[in-house]
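**Q** Here is how the chains run, residue by residue.
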Amino acid sequence: LIDLAERQGILYSHQLPAAPDNASAGSSENLVARFLANRGESCEPFRPNPIEVFDVALDGAQREAVARAVQSPDICLIQGLPGSGKSRVAAEIVTQAALRGERVLLMAPTPKALDRILHWVASRPPVLAIRCLDKEERIGDLPPEIRACTFAERSRSIAADVRAGARASVAAAEALLLSLRKDELAWPQLESLAGLWEQLEETRRELRLQRQDLATRVEEEAAALAIGPSHAFADAIRDCTSSHEEIRLRLDGELADVRAQVEKEKSKLSEVLARLAVLRPFALAEKHRRWWTFAWWRAKLGSVWRRSYEDAEASREHVEAAVSRTQLLAEAQEEQKRRDETIFREKRDQLIKGEISCRDAKLNEEEETTLREQALVRQKWQAQCAALCAHARAPHDITCIAVQSAREQWRYSLEHEERQLGLSRQWLRFLEESPDSLASRLPKYANLVAATPAAIGNDPYFGDHLRNGHSQNRKFDVLVLEDADQFTDSELLSLASRSRRWVLLGNREGVSSETSARPGLPGAERLSAPNSPFYRIWEKLHCDPRKLPYAWIQKANQLLCRLQPVSSEQRRWLETEQVADFPEIELRILAVPGAHSRLVEVAFPASMPIADAKQYIFRELQELTIRPANSSLCWMEATDRLLLRLSNKLDPSACVVELEPGVTERLAAPSLNGDISSMASWCTSSIEFDKSADWDRQRAENWIHRHLGLRDLGRTYVLETPHRMDPQLRQFVYDLLDVHAPDDQVPASTSEPALEFIAVASSTPPSNSRSIEERGRARGGAGFEVDLAEARRYDRLPAGLYDSLPRKGIVNYSEAQAVARKLLSLVSDGLGKRKSPVDSPAHEERPTIAILAFSSAQLELIRKLIDETGAVPPASFALRYGEPNDFRHSEADIVLLSLTRSHTHRAVAYAGDPANLVLGLTRARAALIVFGDPGTLARRIQWQGPLEHLDEAAANKERELLARLVNYLQGGDRRSRGTLARQASGP
Amino acid sequence: MSADSPSVFPPNRVLAQWWTQIAFLHPKQIWIGCLLLHCVEALVSVTKRVPLDGVPLFVLRALALGRDRTLDEIDLQLRLGPSLLAQILNELSGQGLVERTGTAVWTLSPIGARVAASGNYEHSGQERRVFHFRECEAPPNHPRFINLRLPPIATIPWPTDRTCHFEPSVLQDCVQQTDEWKRAHDFPTDVTEVITGRSVPGLRAESRAWNRIVLDQPRCLTGVVVLVLNPSGGEQILALPYTVETWALDAREPALVLRAPWHETLPDLRQTLPAEEWRQAWRTWCQTQHLSPADADQCELTPRGCALRVAAPKRLIDRFGAERGGLLRGERWLMAGGGKLRNAFRVELEEARRRKGGRSTS
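Chains S and E are the protein sequences, given in the same order.
Residue 950 in the numbering used here sits at position 950 of the first sequence, with consecutive numbering throughout.
Residue 203 in the numbering used here sits at position 203 of the second sequence, with consecutive numbering throughout.
Honestly, the hints are just simulated from the structure, not real lab data.
As the structure is a prediction and not an experimental result, all values here were calculated from the model.
Ideal Cβ placement from N, Cα and C applies to all residues, glycine included.
Where hints are given, some of them may not hold.
Claimed, not checked - Each pair of labels, with its calculated beta carbon distance range: (1) E/E99 / S/D738: 53 to 59 Å; (2) E/P140 / S/P73: 34 to 40 Å; (3) E/P140 / S/D74: 53 to 59 Å; (4) E/G66 / S/K362: 53 to 59 Å; (5) S/A160 / E/G66: 24 to 30 Å; (6) E/R13 / S/G463: 43 to 49 Å; (7) E/G66 / S/V56: 47 to 53 Å; (8) S/S440 / E/D161: 53 to 59 Å; (9) E/H123 / S/R47: 36 to 42 Å; (10) S/D74 / E/D161: 49 to 55 Å; (11) S/S437 / E/P140: 48 to 54 Å.
Said to hold, decoys possible - From chain E, some residues computed to sit far from chain S (all C-beta separations above 10 Å): (12) P11; (13) T20; (14) Q87; (15) P188; (16) T192; (17) S232; (18) R279.
With these hints in hand, go ahead and build the complete structure from the sequences.
**A** See below:
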């Protein structure tokens, strides 16, 4: 078509191919719909980067969950145990999405679940939340912080607050402007003061200069004044100089005469010396008898020269004496002159010094005067500056430039404030003229819309009916679904169409009931856990290594590697075969008639080390036979290695298996396999990849995918740490829900048990040596329960209580009394000892004690007895009553749970739904106190199959949960604490 | 059904009913039939000035008061609250009017500064848009742009007897016309360029090459085209769509409004038909009433606006039989012309005064 269009320059509609019939349906179908219709194609794995979270209290796992949810290109599912912080994680996801500019639709089956998240996020600046009202909800019944999030309240408060704020802004700007304008008069005065100050500064500067030049000037004046105008200093200098001049002139004259005399004598001496020079050779020749010389002979022959020579010698002596005499005289004269000069200088210097000190004193006086004036100016300056408006910046210095600069600044501020005032007035006028302007924009600007499925459809601002210009309000970037395991396919499909990304948070599989009816679901639609769309999508996206079929079982006589599970029926088709090279290794092949034979087990001698056996399997069968304990792949990165953590157990003495260069498998110490003490199974702790052998994350992931078919798509995460609970209770939750607990979370032993069971049995003295089960087997339950629907049983209750109780439901008077007594003892012992391990949510002001029962009639009975006994906790504690379902999405510091049922001889069902049993047992933060009839409990856990209103699956689930509870109470688990505390007396 | 089918023209009873619907327009002339349309969809560059809403504009102006302002500083001015303000700033940021310079520091972009001053902002972008061109039946029959106010719902397929051809340069030419021309012809002034595959080398390598294909969906708009006077006294053309299946006429929402010079767009709409065409139409109708052409020619025909005054001798009037009442009440309509858009006339019958001599025609 593109070619044709290019050739023609245009394409005609008749040239277009006919669209396939399902084209429109296919394009509009989102990923969720495709998953639910089993058409979900495989997603490309993605690896989230760490993010900076808003809620810094989140732990590493919670941060990872947030990072996956926020960065997932399409869908992310998060499962969590009770108290593991799902709501808090949801709140962080909402905040992060809002920070990224995304519009979030937060959905939950109940308003309570929504409000729990809203409590966290409502006050966070990036979030502008709108809470849609359910049909039955009234705005006045909502807590204040939630009420503030409703559209009506938010639009009202925004309109009112913004208008009030705009008025305040105008008033503030007017006041500021007024005070700024008042400063206008101050600036000329400041300028004048600054001018005066600068003059004085100049004066001081000149004085300083004068002082600096004083000596030079006086010197110059002294030199110049000799011929200058006469004044005292000049006169003195002139007198001094003139007298000195006179002396100097006289001495100079005398000295000149002497020097002339010297010159004269010297010329005489020259003449004499010249004569001597002529005559001296004769004298020398004669004296030394140099007869061979011509001079000796002339001297010998003549005599005149001798006389002349002697005269000359005599003259020379005479003249030399005269010369030296006159020279001495001249020197004396010069000395006299120098002395006179020195005296003159000294005298002159004295005069100059005197003059300098005199003038210096004058300068000092002038400077002091200037300083006094400056102090006065500064005083006035400071007063003026103090009078300036607080918003005007005073000049930083007393200078005209600083004043000009500050004045410019003031002028700028004035103009700025005028503009601000102008804008504030316009804004106020706009708000007053169009009061609905903000409210009408609220649906567009709200980046978090929180609603239940029932509320969102008919919401006037975000509902399904919106058309044309408002239809974009119903579209969101992210759908965050809290308690997603409680949504039906149709609800999920309907909600998924509203957004382009989806984050689904639900309970950990096993916590949700097998069949649960969500309150308010149309037609009480029942969701069974395997059919919940949440778990179905989870199955498609989550990579659960525990699904691998492998097992390593250490028996007394052999080490067995199970490659595939073999049912007891199939065992008869097992054939064994010895390995030719290693006859002690036995291969077990399943040869079912009509099917392909396959190797299912390999048995090694018991003495063979596990590492050797594993290496053998990996080498010979290319099978990586690992047995992980964790339900998720957890990649960790150390400096030297990459680690795929498959168990929470960190065993330093773990056995290491070398698989291939740079790849090792670490095994945890074998654990006992159930009650068969002779068997132990080996668990894989981790697989490690050595970075120095060129292993990086991508290569390691590919290796795992190739050998195990496992790949973490990055779209699922499990939160496994119940943060809100006391460590003992946390351990109890792990045991109750059959979750593999991390080793680092084994509780420290404390004096006071966090979980207490108070047996309400018959008055027969208890035998401490006997367990709950033994007691149950022995004689059944105490039979304290009363069905209020049966009138003949009313005699089991005190007469005064009949009328005030409901007409149906099961009550247990003895147990109710035990609860009231326990509460009384808790109150009298002081509740402060029970401290919550984590801070209560911000919205819970007081620590809470919750009284829970599965029957509303029992709750009513307990409430009456507590009122009668006066066991009301202090005002600093909140006392709440309710069925477990009422405590969904909330918890209490101390929970008193009345199991109520107490039958004499048959097994009875405890909760309407096993999920309620889980809820009841997981609501405590600091202490859980369970009241029950041990006999009835024991009978219940012995019963298999459907019971009362529970179908087989639900009944089995309840039985399993109660069996784990009993097992924990009896210390069946090595980590559990002895909590079977005491027995309440019967009626 | 296509435009070459005769059933696109409504029967007389429908025309009479339509007349009651459109009489309030006081039509000067009426044409009925098909307008041949090229619905040309193309990728165009669009630049338009749109006024910014009040609240975001105030946020921009508050931001304009200082260079780099924090969220709190802006909020101090407008008191919107940090959450709402952050949303508005995000929206403005998406429009390129503000920029985030720090963690929580905002500044106006150069465009934002202009918008803060003017209150309007220029939005540029590319979009696929549909332009309608009417193809004339008579030469010069190159397509002329018309601005259909409504999507052409009342359309039927292109006539089979007519080849469909549209030259994309016609659209290019319109885009390159002056603003004055565009305003006169109601051509969107915000369209600045047509982006086609030919203008971009190597387009085929692009994954969005299909987006630049110019697509022509030829259709025929069935409508009543009326010439009316607008309140200012000028002439204007209204095209009122009708559906052929139900003969439903939408007289309240014209699909097309053309002011003067409408002749440039619809040059083939003839205001004055040759007399022979009147007469032929009258003759044809008379034949359906079993009157001979000679009898028909005895009537005096005088077109007046959208009415055709027929002065007939009394004996002929008597021969009209059942149609006589309708003719006398002005409920008979005739259509003249041979194209796909024909002149429609309401026949106003009256008795001819006896005059000596022969017939007279208009």
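**Q** Would you list, in rising numerical order, the hints stated earlier that this structure does not obey?
**A** 2, 7, 14
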